[in-house]
Amino acid sequence: MSGFAHYLPDIWAAIIAFAILTYVVLDGFDLGIGILFPFLGSEENRTRAMNSVAPVWDGNETWLVMGGGGLLAVFPLAYGIILNALYVPIIIMLLSLAFRGVAFEFRGKTRRWQKLWDKAFFGGSLIATLAQGAILGGLLRGPEVTGRTFTGGPFDWVSWFSLGTALALVAGYVMLGSAWLVIKTSHGLYDLARRVGQVSLIATLGFIALASLATPFLHPEYYHRWFQWPGVIWSAVVPLLLMVAGFGYWTAIRSDRGVVAYLSGIAIFILCFMGLGLSIFPYIVPASITIREASTTAMSQGFILVGAAIFLPIILAYTAYAYWVFRGKTSEHEHHY
Amino acid sequence: MSIFDIPTLDLARAQFAFVVSAHIVFPAFSIGTASYLMVLEALRMITGKEVFLRIFEFWKHIFAVVFGMGVVSGVVMSYEFGLNFAHFSDKAGPVIGPLMGYEVMTAFFLEAGFLGIMLFGRNRVNKWIYMFAVTMVAFGTLLSAFWILSVNSWMQTPAGFAMNDVGQFIPKDWWEVIFNPSLPYRFVHMVLAAYLTTALVVAGVGAWHHIKGTADDAVRTMFRMAVAMILVTAPIQIFAGDQHGLNTLEHQPAKIAAMEGHWETSKGAGLILFGIPNPSQERTDYKIEVPYASSLILTHSLDGEVPGLGDFPANERPPMTIVFFTFRIMVGLGFAFAAIGLWGGWLMWRKRLHEPGLFHKMALVFAPGGFLAIIMGWFTTEFGRQPYTVYGHFTTAESVSNLSHGAAWAALIGFVVVYAFLFGSGTFYLLRLMRRGPESAEPVENTPQRAGGVAGAMLANDVTTEKEEAHV
Numbered sequence: 001m002s003g004f005a006h007y008l009p010d011i012w013a014a015i016i017a018f019a020i021l022t023y024v025v026l027d028g029f030d031l032g033i034g035i036l037f038p039f040l041g042s043e044e045n046r047t048r049a050m051n052s053v054a055p056v057w058d059g060n061e062t063w064l065v066m067g068g069g070g071l072l073a074v075f076p077l078a079y080g081i082i083l084n085a086l087y088v089p090i091i092i093m094l095l096s097l098a099f100r101g102v103a104f105e106f107r108g109k110t111r112r113w114q115k116l117w118d119k120a121f122f123g124g125s126l127i128a129t130l131a132q133g134a135i136l137g138g139l140l141r142g143p144e145v146t147g148r149t150f151t152g153g154p155f156d157w158v159s160w161f162s163l164g165t166a167l168a169l170v171a172g173y174v175m176l177g178s179a180w181l182v183i184k185t186s187h188g189l190y191d192l193a194r195r196v197g198q199v200s201l202i203a204t205l206g207f208i209a210l211a212s213l214a215t216p217f218l219h220p221e222y223y224h225r226w227f228q229w230p231g232v233i234w235s236a237v238v239p240l241l242l243m244v245a246g247f248g249y250w251t252a253i254r255s256d257r258g259v260v261a262y263l264s265g266i267a268i269f270i271l272c273f274m275g276l277g278l279s280i281f282p283y284i285v286p287a288s289i290t291i292r293e294a295s296t297t298a299m300s301q302g303f304i305l306v307g308a309a310i311f312l313p314i315i316l317a318y319t320a321y322a323y324w325v326f327r328g329k330t331s332e333h334e335h336h337y
Numbered sequence: 001m002s003i004f005d006i007p008t009l010d011l012a013r014a015q016f017a018f019v020v021s022a023h024i025v026f027p028a029f030s031i032g033t034a035s036y037l038m039v040l041e042a043l044r045m046i047t048g049k050e051v052f053l054r055i056f057e058f059w060k061h062i063f064a065v066v067f068g069m070g071v072v073s074g075v076v077m078s079y080e081f082g083l084n085f086a087h088f089s090d091k092a093g094p095v096i097g098p099l100m101g102y103e104v105m106t107a108f109f110l111e112a113g114f115l116g117i118m119l120f121g122r123n124r125v126n127k128w129i130y131m132f133a134v135t136m137v138a139f140g141t142l143l144s145a146f147w148i149l150s151v152n153s154w155m156q157t158p159a160g161f162a163m164n165d166v167g168q169f170i171p172k173d174w175w176e177v178i179f180n181p182s183l184p185y186r187f188v189h190m191v192l193a194a195y196l197t198t199a200l201v202v203a204g205v206g207a208w209h210h211i212k213g214t215a216d217d218a219v220r221t222m223f224r225m226a227v228a229m230i231l232v233t234a235p236i237q238i239f240a241g242d243q244h245g246l247n248t249l250e251h252q253p254a255k256i257a258a259m260e261g262h263w264e265t266s267k268g269a270g271l272i273l274f275g276i277p278n279p280s281q282e283r284t285d286y287k288i289e290v291p292y293a294s295s296l297i298l299t300h301s302l303d304g305e306v307p308g309l310g311d312f313p314a315n316e317r318p319p320m321t322i323v324f325f326t327f328r329i330m331v332g333l334g335f336a337f338a339a340i341g342l343w344g345g346w347l348m349w350r351k352r353l354h355e356p357g358l359f360h361k362m363a364l365v366f367a368p369g370g371f372l373a374i375i376m377g378w379f380t381t382e383f384g385r386q387p388y389t390v391y392g393h394f395t396t397a398e399s400v401s402n403l404s405h406g407a408a409w410a411a412l413i414g415f416v417v418v419y420a421f422l423f424g425s426g427t428f429y430l431l432r433l434m435r436r437g438p439e440s441a442e443p444v445e446n447t448p449q450r451a452g453g454v455a456g457a458m459l460a461n462d463v464t465t466e467k468e469e470a471h472v
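Residue numbers (our numbering), protein chains in the order written: chain A, 1 to 337; chain B, 1 to 472.
Simulated from the structure, these hints should not be mistaken for lab results.
There is no bait here: all hints are sound.
One-sided and incomplete, this derived list gives chain A residues near chain B with beta-carbon spacing under 8 Å:
hint: 1; residue: Leu-97
hint: 2; residue: Arg-148
hint: 3; residue: Ser-300
hint: 4; residue: Gly-307
DEER-style ranges, computed between Cβ atoms:
hint: 5; chain 1: A; residue 1: Ile-314; chain 2: B; residue 2: Asp-165; range: 34 to 42 Å
hint: 6; chain 1: A; residue 1: Ala-317; chain 2: B; residue 2: Ala-162; range: 31 to 39 Å
hint: 7; chain 1: B; residue 1: Pro-279; chain 2: A; residue 2: Ala-5; range: 47 to 55 Å
hint: 8; chain 1: A; residue 1: Gln-198; chain 2: B; residue 2: Leu-372; range: 54 to 62 Å
hint: 9; chain 1: B; residue 1: Glu-282; chain 2: A; residue 2: Phe-155; range: 43 to 51 Å
hint: 10; chain 1: A; residue 1: Phe-273; chain 2: B; residue 2: Gly-424; range: 38 to 46 Å
hint: 11; chain 1: A; residue 1: Phe-273; chain 2: B; residue 2: Ile-329; range: 46 to 54 Å
Ideal Cβ positions, reconstructed from N, Cα and C, are used throughout, including at glycine.
Just chain B, with the same shape it has in the complex (with noise of 0.2 Å):
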C-alpha cells in the first residue's frame, strides 16, 4: 500500500490527531503560566518585593507568546469537529455543543477580555483592577480546561443522555452528563499536569541561568518556587494517576488491557514493566513482569482480576503497540519527576540548591518533559478509546464527514507545514526569551520603551538602538 492509499477516515483522523496534539501543549502551558502570574501578583502585593515584579514581568512575557499560540491552534479547534467529523456532530452535537458553547461564554471571552488589560494595561487600570484582571485571565483558563475535559471525558465515558429517532445523543441529565463518571479524575490530572509542566520549564530556566551563572536574585526565588512545586505536585500526580487508572479499569476496560499489554484476562496478573506487544500473535514478546503487581495496582488485591485485550471483539480493540508504549513513557516521566522533587528538596534542606551541579544539569534536561508526558498521556487516552468517538457507542467510522480524499490529504500537510513553521518560530522565540532570562526584564513602570518593542528592547543587543530611535 502507497501512502496515497491511506483511507480518507485515517487522514481525517490524524489531521485531528495532529492539530489537538499541537495544540493541548500551549493551554497546559498557559494554565500553569496563568496561576503562576496570579500567584507572583499576589505576592508582589503582599509582600510589596520588587523581586517578584521582575519575575512576573519575565514570565508575562512567556506567557503573552504561549498564550498567542493557544488561541490560533484554538480557534482551529472550535471547527476541527465539523470539518472532519460532520456526522458525529451532527450525532453528538446536542450532548458537547451546550458543554462547548459554556467553554467559550465562561472561558474564552473571560481571558481574552482581561488578557488586553493583564498584558498592556498594568498603568492604566489601578493595582486591585489589575489583581482582578490577572485573576481572571487565571481563572478562565481553568475554566477552559474544566469544560473541554468535561467534552472528552463524556465521551470517554458516557452518561445521562438518551437516543432520539434520527439516532442522536440525547442528554436526559445535565448534571450526569457534566460530572460524567470520569470527569473528576480527568480534570485533576490534567490540571496538576499543567502545574507540573510549567514548574518543570520554570525550573530548567533558572537551571540554565544557574549553569551559566546568570542567576540573580530573581532567577533565585523562581528556581526555588519551581522546585519546591516540583516537589508537592509530582507525588499527588503519581497519586491521581494511580486514581484514574482505576476508573479507567472500571469504565474502559479494554484501554486498561492495552495500558498493561495483558491479552489473556486473569488473576493474579503480573505488571508488565517492558515487553512489545505483539498483535498477530495475541501476546506480548520480551516481558519483563513484577508477579502479582498489575492486580494488585488496579484491584487492591493480589489475585484480583485484570482484563485482557483478547477477551474482546477484534473490531473493538484499541491499538495496544501506541497505548502500551505511550502509557510506559508517561509513567516513567512522572517518576522521574518525582526524583527531580525529591532530590531538589534534599539540595533545598541542605541548602545547596543554588550550587551549579549534577542536579541543574538534570533540571534543564527535563524541563521539555512535562510537555513529551501530557501527549503521551493525550496518546494514552485516545488511542485507547478507539475505535470509538462515544465510548461502547458511536465509532470513529461512523462520526468522518463526507470528504475528498484530496482535500484531506491537503489538509493535513497544510496543517504540518503550517504548524511547524509557525510554533517553531515560537518556540525559537521562547527559548531565546528564556536565555535572556529576567535580569533584562525591567518593571515597566518609569521606562519608556518603544510601542510594541518591549521584547525588542529585551533582546540585549537592540536595547540601545531601540530608546535611540524612540528619542528621535
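If we strip away everything but chain A, and leave its shape as in the complex, we get (with noise of 0.2 Å):
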C-alpha cells in the first residue's frame, strides 16, 4: 500500500468531520430559528424570520446528507452500525427534519393552518435539535458491538448524558439563530435576538462545562486521554479558548456585530468539536470500531476522494455566492417570490 492510500481514512475522516460541523454551524442557526418562532412576538417578526432563512436552508441541510452519504460512502460499517444503533433518536428527527421542511413552503399557502405550520415549524425544530443531541450523546457512550453488527437494544441511546447533549444543542443553536437574526433583522426582532443572545449563551457555557466534566468520565479511555499528557494540555487550554469566544460572542451581540457573534458562535463549535474529536479519535464508533475498520477499500476512498477534491471547493463557492445574493438585513417585503 502506498504512503498516500495509507492516509486515505485520516483525510476522510477530516471530510466527514467537517462536513458535520459545516451542517452543525449552518443549519444550526435555522434549527435555532425555528426553536426561537414562538417567542419571537409579532406575525409580522416570525415572517421575517423565516424569510431570512428560506433561500439557504435548504442547502444548510444538504450537509446533513453529505454527512450520511460521506459515511456510506468510505466508512460503510460504521454507517450501519451508527444508524442501527441510534434508530429510535435518528427517525424521530427525520421525521421533525420532515415537519420544519413543508412548513417553509406551507406556512405561506394557508391562512387557516397557518398556526398549525408554525407550530410545526417550531415543534420539528426543537425535537430535530434534541434528536441531535441525543444522537451525539448516544454515540459517545459507545453502541454495543459484537463483529459486524449492532447487538444492543433500541433505547441503549437513553441516560442523563444524552439528555445534556440534547439541552446542550437546543442552547447552542439558539446562540446561532441569535447572532444570525442580529445580522439579518433590525428593530424590535433585534433587540429581542441580542436578549435571546446572551442567555443562550451562558447557557451554552454552562452546558458544555458540564459535559466536559461529564464525558471523562463516561469511559476509562476518555478520561486517560484527558488527563494524560498530551490530552492533559487540551483539558487545559480549552477552557481558556471558549472564554475567549464566549467573550467575543457576547461584546459583539450586545453592539450591532452579529457576524462576529455568529463566528465567535463557530468557534465554540469548533472547540466542541475539536474536544469530541480528542475524546474518539481514531475510533469512528466509539470504543468499539477505529475508522481504519471500517473503512472502505482505498480503491473506493480514492474515488470519491477525486470528487470530493473537485467539488467541495465548486460547492462551497456557490453556496458562498447564494449566502452573498440574499445578504444584508431581510426587509419586511423582502423575499417574496
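Dock chain one against chain two, each of which comes alone in its own frame, and use the hints as you go.
Okay, here's the thing in C-alpha cells:
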C-alpha cells in the first residue's frame, strides 16, 4: 500500500468531520430560529425571521445528507452500525425535519392553517435538535457491537448524559440563531435577538462545562485521554479558548456586530468538536470500531476523494455566492417570490 | 397469523418500500418541472413574450412545494439504507456508497445552492445569472437521477466488482460499476417517465381551466406545449420500455417470467393480456392470451424461448402476483397516454384543441396517471428483483439491520401517519394553486407583495387583505 493510500481514512475522517461541523453551524442557526419562533412576538417578526432563512435552509440541510452519504461512501460499516444503534432518535430527527422543512412552503399557502405550520416549524426544529443532541450523547457512550453487528437494544442511547447533550445543542443552536437574527434584522426583532443571544450563550457554556466534566467519566478510555499527557494540555487550554470565544460572542451580540457574534459561536462549536475528536479518535464507533476498521477499500475512498477535491471547493464557492446574493438586513417586503 | 406477528424483516421492507414510493413521485415531478421551467425561461429570453413569464411564475410556485416535499423525503432516504439495512450498507457500501456520494456532491448541493436564487432572486441577480440558476437546478435534478439510478441499476444488474474476505462487494472497475448493463435503459425510462408525468399534469391543469372557461392566453399556451410533449414523449417511452424489457430478459429472467405470467419455459410463448397468477398451483388462471406474441416481443422471433418462473428454485422467485399486475397497469397507462397524445395532436391539427369537450375531460382524468404509472413500474422492478438486494448475490434477508420488532413497528406507523398528513396537506395546497391558474400569478416585477405571503396573495380571497396589511 502506497503512502498516500495509508492516509485515506484520516483524510476522509477529516472531510466527514468538516461536513458534519458545516451542517451544525449552518443548519444550526436556522434550527435555532425555528426554536425561537413562538417567542418572536408578532406575526410580522415571525415572517421576517423565516424569510431570512428561506433562501438558504435547503442548502444548509444538504450537509446532513453529505454527512450520512459520506459515511456510507467511505465508512460503510460505521454507517450501518451507527444508524442501527441510534435507530429511534434518528427516525425522530428525520420525521421532525420533515415537519420543519415543509413548513417553509406550506405556511405561506394557507391562512386557516398557518398557526399549525408555525407550530410544525417550531416543534420540528426543537425535536430535531433534541434528537441530534441525543444522537451525539448516545454515540459517545459507545454502542454495543459484536463483530460487524450492533447487538444492543433500541433504547440504549437514553441516559442523563444524552439528555444533557440534547439540551446543550438546543442552547447552542439558539445562540447561533440569535446571532443570525442580529445580522439579518432590525428594530424589535433585533433587540430581542440580542437579549436571547446573551442568555443562550451562558446556557451553552454551562452545558459545555457540564458535558466536559461528564465525558471523561463515560468511559475509562476518555478519562485517560483527557488527563494524561498530551491530552491534559487540551483539558487545560480549551476552557480558556472557550472563554475567549464566549467573550467575543458576548461583546459582539451586545453591539450590532452579528457577524462577529456568529463567528464566535462557530468558534465555540469548533472547540467542542475538537474536544469530541480528542475523545473519540481513532474510533468512529466509540470504543469499538476505528476509522481504519470501518474504512472501505482504498479504491473506493480514492475514487470519491477525486470528486470531493473537485466539487467541495465549487460547492463552497456557490454556497457563499448564494449567501452573498441574499446579504444584508431582511426587510418585510423581501423574499417574496 | 395476526398482524403483530409480521417478521421484523418484512416490517423493514415495508418501511423502505413505503418511504421510497412516497419519495419517488416528488423527484419525478421535480425533474420534469425543473426542465419545463428552464424551457420557459429560455423561451422568454428569446421571444421576450410576457406569457412565458406568467407560466413560469405559476409553475415555479408548484415546483417549490413539490421540491420541498422531495427534499424532506429525500433526506430520509439518505439514512434509510443504514437504518433498516445495516448489513447491506456494510457489504455493498464500498460499491454504491461512492456513487451516492457523487450524487450529493454533484447534484444535491447544485440544486439546493441555486434553488434560493431561482425562487427568491429574480430581482437580485441579472437575467443571465438567473437563467444560469434555473439551468443548474434542472441539470441538478437530472444528475441526481443519473447517480441514484446507477446505484439502483447496479443492485439489479451488478457488474465490475469482486468480493473481499469479510464478504464486502469491492469495486474493480468503476466504469463497469457506474455504467452497468441496465443503467442506460433505466435512466432513459425514468427521465422520460418524469417528463411524461409532468406533461400530463400540465395538460390536466390546462384542461381544467378550459372546462371551467378560465383559459387565458397563458393557459392555452401551456396546454398546447403539454399536449405536444405527450404526443412526442409517450410513443418514445413505449419504445424505451420495450428495450428495457429486452435488457431485463437478458439479465433478470425470473423478473421477466413474473412480469409475463409464465410458469413454464416455452418457445412460441403467448402474450398474457389478462390472467390471475396462482402461485400455489404454479399456473396462471383465466388467461386471455395472444399466441406467439410474448416470444415475438421479447425475442423478435415467433418461436423464441421465454423463461417460466417454475424453472427457478422456489426460494429465488419474486412474488409473481404483484409483479404481474403492477406491470400490466403500467403498460396499460402507457398506451393510454400515447392515445391521449395522438388525440390531442389530431385536435391541434384540426385547430380544435381549445374547444372544451371530451378530450379535456380525459386529460383531466389522466393528469395524475403518470404518478400511478411510475409507482407501478417501480413496484414491478423492485418486487421483481426479490429475494435479492444485490441481484443473484445478496438477499434481502441477509441485508436487514438488527432491529427490535417494536421499534420497526413504531417507525413504520410513524412514517405512514406523518407522510399521510404532510404530503396530504401538500397535495391539497398544490391542487389549490393549480385551481387558481396562472391568471393570478402576476409577474413579480414591480408588484411589491408582502414577504412570504406571495402564495397568500395568490389566493384570490386574501389579495386585498394582504395588500392592505403590507401598506400598514
